[in-house]
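*Asks:* Take a look at the letters that make up each chain.
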Amino acid sequence: MGSSLRSFIKDVRGAKTLADERAIITKQSAKIRTKLRDDHLPHEKRRVNIQKLLYLYILGEKTHFGQVESINLIASDDFVDKRLGYLAATLLLDESEDLLTLLTNMLNNDLHHPNKYAVSLALTSLGFLSSPELARDLYPDVENIIKNSKDPFLLKKALQCAAKLISKDISLLEIFNIEDITKILSNHSICTHGVLLGITKILQSVLLIGLDPENGDDDDGIDYANDVLSPLSLLLRDFFTRLENLNSKNIEPGYDVQGICDPFLQCEMIYTLKLYFQVGELLNSNHVLDYKDNFCDLLTRIATNTDSTKNSGQAILYETVKAIFSLNLNQPLRVLGVSILAKFLVGKDNNTKYVSLNTLLKVVPQEPTAVQRHRKFISHCLQDNDISIRMRALELSFAILDNSNLVDLIDELMKFLAKQDEDSKDLIIYTIDHLIDTFDTHTVKDENWKLDVFLNVLKLVGPFINYEKINDILIIINNTAQLSDKCNFLRKLLIISLDEKSMGISDENIGWRLVLIWCIGEYCDLLLNDNNESNAKIINESSITNYLLTLQECYTTTNHKIINYILTTALKLSIKLQGPKNIEKLRQVILGYADSTDLLLQMKSNQYEILFNQPVSVKRIVLETMPKFEKVAEKQENVKKTSKNPVSNEPADLLSDFLNDDNKTEAIAATDNNVGPTDLLEEIFGEKKDTKRPLKNGKEESIDQPLPASADSNVILPSNAAKIHDSASLNVYATLLSANSGLAHIELFFQAKSIISDLQTFCAVPKAQKLTLGQLHPSSTIRANQICKQSLKISGSGKLKLRVKLDFHLDGSPSTTNEQFDHKFDTTL
Amino acid sequence: MAVQFILCFNKQGVVRLVRWFDVHNSDSQHSHDSIAQIYRLISSRDHKHQSNFVEFSDSTKLIYRRYAGLYFVMGVDLLDDEPIYLCHIHLFVEVLDAFFGNVCELDIVFNFYKAYMIMDEMFIGGEIQEISKDMLLERLSILDRLD
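Chains A and B, in that order, are what the protein sequence lines are. One point on numbering: in the numbering used here, the residue at position 700 of the first sequence is 1460, and numbering is uninterrupted. One point on numbering: in the numbering used here, the residue at position 39 of the second sequence is 847, and numbering is uninterrupted.
Since the hints were made in silico from the structure, they are not lab data. Among the clues, some could well be false.
What follows is a set of in silico ranges between Cβ atoms, one per label pair, in the way DEER data are often shown [as the list claims (entries may be wrong)]:
#1 A/1165 <-> B/819: 43 to 51 Å
#2 A/771 <-> B/821: 45 to 53 Å
#3 B/821 <-> A/1182: 23 to 31 Å
#4 B/877 <-> A/1179: 26 to 34 Å
Going by beta-carbon spacing under 7 Å, a handful of chain B positions derived as facing chain A [as the list claims (entries may be wrong)]:
#5 840
#6 841
#7 910
#8 911
#9 933
Below 20 Å or equal to it, Euclidean Cα-Cα: the simulated SDA-like pairs (lysine to any residue) are [unchecked claim]:
#10 A/1108 <-> B/854
#11 A/876 <-> B/954
#12 A/1483 <-> A/1581
#13 A/776 <-> B/819
#14 A/770 <-> B/918
#15 A/1252 <-> A/1209
#16 B/869 <-> A/1150
#17 B/869 <-> A/1581
#18 B/856 <-> A/1184
#19 A/822 <-> B/819
#20 A/1179 <-> B/858
#21 A/822 <-> B/844
#22 B/941 <-> A/1016
#23 A/907 <-> A/995
Positions of the beta carbon are idealized from the N, C-alpha and C atoms, including for glycine.
The following block holds chain A by itself, in its conformation from the complex (with noise of 0.2 Å):
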């Protein structure tokens, strides 16, 4: 060809830097759309930058603007410049183009050419193009080669080309006529490979047509059943032979690749004839269901004989496997299907590997127990070095898994673990997703087993352990029944953790730090009371509380999570420990936080100051051990809530549920001053009814935050509310807004009498009631007839009884006033 592409070509390689060669084509490209809107351009020349747009084209650069010149070439006279067009067009040119019905007519009259190359080249280009305008106008010129011609060169292209043409337009089935193809499978001189793919080509098309429920109703005229599957299950008998016989035939020169025979064409007929069986099996055609017998026959015979050592047999194993469970084919063929996928796995080719685990994950249902009895070899992928590989071995494992072998998994997983680093993080978050769910849905009688298991993933993948899974983890083991187990647990935590020798565990792992802190909080007593503990020298009052020293100095200014766990867990240990230099040591560190510019950790800092102070007794009642944990149907429905939840219950992450109900509280004040008090009720009566509050709430958090506080400041004693405390100094009205299912929701008034300032709420509610405090709103400062307003939550059963100590400043003076009284509601929940 032309030397000018040729240095064009050069030019672009020999390109110094990215600008140059930008600057080079950008010219050439330049050049080229002038040349070619040129109507007096040589015809040398228009050849030749036809090439040159094409070599931009394979670039990735621009080229639209020679759609048009393209399809001229087409028409040219010369096979090399008809040749170039088709080129071309094929490449630059897409179906959706306008421009392909100016290509009809050339193709309608290529078809019909007295060149066999040019009518190939018409083919090929129709091949690539079908639109269904295409379809429709060209198929009756591409079905007479298939009727008339002798030359298998142009029969196969013609085959494949009325596959592709069939399949974009279905009522091209009307004209489809079976015995083309039974002619040419009968003319043993023309029916070459290349031809026998043709067929199984446009066999397919109409195969998937019938196969697509979309096509199902015959409004088009066309029973498909009768008129289409029937006379195309004459065809099976042959099929089978002479797949029979490639299957079998040792070397074919020509058609040999790595010792099988036509690995192509086999893949092909396999997959043609799974097509028939699905049709057959969807119209319940007894047409092509009374050969599945033979078909199971020769699937036995060919996965039993072809050579799975070398890729091109393994293509026909593969294909041979996948139609015997997409049929759900005879038990001992699904068997056999399975040992093949086994057999990949254990060789060194990761291709394999990746076949066969992919397919044994989509066959696991069908056959579980055949694929669980290789599990050592699925257990050997999750060391392999390919991360795909190990994913796929991973999903399998916990697919195959039940209880018989969840303890030897398990195991393995853990091995898998320990090899996993920051590259494979999905992978570990894959895992602990899994081993979570696993133990939720599989009973597990050694749950001291169980909590060792965890141990080993904090302290393996700690550090990539999400909070909402760490909160998981918590709940398993907040839900294990032996106290002694979750004693068991905490103990290896602390050792692991204090004994300074061992460097185990970084600072990255917040994972294992978080689930320690909070079973510090939790069990350490447990653990401090038991006389007999032998770790005495490593596990102390003294030892733990310096280790949270040393946590909070570490993370004061990185991790505020592990700080808002510290806190509760110092607040816990209040009631925990002995030693009153110990208990003052954590009053110190809660304390230190007063006015953190947290202000999540400020709140609680100042909130636990006020508990922390407070008689034994009462903080016992606060601090008390958590209850199991029930995992409750609105998992599903919102997953975040619900991992949340164990904790909300204690006291610890109650400041997330305080904000919630602030986010509440201001929200229906704000709808307040458009509204009368009745309706403010109907609004609060119908959030309630709202089973999605809580994320409703979530998302007026943003909307209300532009909100300023002081534009609705003015809060409405409701009609109903009813008083239950009257004072000198202020008058607290109460209204309960709901109580069912174990939930009831309170609002509390306080109406000043002079002015109050610095107001602080304390409520208990009976032992079997759990309480969650809203904030107080509009602020806890109250001039005098104002109203300020909190809720309150309770959980739990029984009578609604409520205790309320009420501290404040009265008139600014700097003494604080007590109020106290008891209220008992007429509800029971």
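Given the coordinates of chain A, assemble chain B onto it according to the supplied hints.
*Replies:* Only chain B this time, still in chain A's reference frame:
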């Protein structure tokens, strides 16, 4: 069972051959981006220890193989039989090799239109149409002489 596209690029990611059989991808900017993504994905993979298959999108997985400095990539449906497409690629490379006589990257760069001719004799609309190397080479030598 159809190839969505065939791609050939070198280790630096410079495209040497590209053919989209799937129309939706043939919009030039889109295809340009896809190729860049494919190159990044494949070139980052471990040549020795990783499989020659990798998932690319919801509808496409890549089957690829490196021959010297050139990657040959096919995009196929997720449910397709991977190993057979490796055979496709290998056959294509064998034919290129036989046609050009010990093919190298430069042969393909300067004779890209011939490489397309070979591709088009092997594949039609994304389907393999001829698998006999002898038959292909015989046909190609005739076509080559028509110049």
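*Asks:* If a hint holds in the structure, say so; if it doesn't, say that too.
*Replies:* Results for each hint:
At about 44 Å, the beta-carbon gap between residue 1165 of chain A and residue 819 of chain B stays in the expected band of 43 to 51 Å. Our hint of 45 to 53 Å for residue 771 of chain A and residue 821 of chain B is violated, since their Cβ atoms are close to 20 Å apart. Separated by about 26 Å at the C-beta atoms, residue 821 of chain B and residue 1182 of chain A satisfy the suggested range of 23 to 31 Å. Take residue 877 of chain B and residue 1179 of chain A: their Cβ atoms lie about 33 Å apart, and the range 26 to 34 Å holds.
Interface restraint check for residue 840 of chain B: the shortest CB-CB distance to chain A comes to about 5 Å, inside 7 Å, so the restraint holds. Interface restraint check: residue 841 of chain B against chain A, minimum CB-CB distance 10 Å, threshold 7 Å, status violated. Hint on residue 910 of chain B is violated. Least Cβ distance to chain A is approximately 20 Å, over the 7 Å limit. At its closest, the beta carbon of residue 911 of chain B sits 17 Å from a beta carbon of chain A; the interface hint therefore is violated under the 7 Å criterion.
For residue 933 of chain B, the interface hint holds, since its Cβ comes within 7 Å of a Cβ in chain A; the closest pair sits about 3 Å apart. With a C-alpha separation of about 15 Å, the suggested pair residue 1108 of chain A and residue 854 of chain B falls inside the 20 Å cut-off, and the hint holds. Restraint check for residue 876 of chain A and residue 954 of chain B: the C-alpha separation of about 13 Å stays at or below 20 Å, so the hint holds. The straight-line distance between the Cα atoms of residue 1483 of chain A and residue 1581 of chain A is roughly 12 Å, inside the 20 Å bound, and the hint therefore holds.
Simply put, residue 776 of chain A and residue 819 of chain B have alpha-carbon atoms about 18 Å apart, close enough for the 20 Å limit, and the pair holds. A threshold of 20 Å between alpha carbons decides the hint, and for residue 770 of chain A with residue 918 of chain B the separation of about 9 Å falls inside it, so the pair holds. Proposed proximity of residue 1252 of chain A and residue 1209 of chain A is supported: the alpha carbons are some 12 Å apart, at most 20 Å. Distance hint between residue 869 of chain B and residue 1150 of chain A is fulfilled; the C-alpha atoms sit about 18 Å from each other, no more than 20 Å.
For the hint pairing residue 869 of chain B with residue 1581 of chain A, the CA-to-CA distance comes to about 71 Å; that exceeds 20 Å, so the pair is violated. Straight-line distance between C-alpha atoms of residue 856 of chain B and residue 1184 of chain A comes to about 19 Å, which keeps the hinted pair within the 20 Å bound. Distance check on the hinted pair: residue 822 of chain A and residue 819 of chain B sit about 23 Å apart at the alpha-carbon level, beyond 20 Å; violated. Restraint check for residue 1179 of chain A and residue 858 of chain B: satisfied, since their Cα atoms lie roughly 18 Å apart, inside the 20 Å limit.
Distance restraint check for residue 822 of chain A and residue 844 of chain B: the Cα-Cα separation of roughly 16 Å lies within the 20 Å cut-off, and the hinted pair is therefore satisfied. For the given pair, residue 941 of chain B sits about 10 Å from residue 1016 of chain A by alpha-carbon distance, which is consistent with the 20 Å threshold. The hinted pair formed by residue 907 of chain A and residue 995 of chain A meets the criterion: a straight-line CA distance of about 18 Å does not exceed 20 Å.
Hints 2, 6, 7, 8, 17 and 19 from the earlier list are contradicted by this structure; the remaining hints agree with it.
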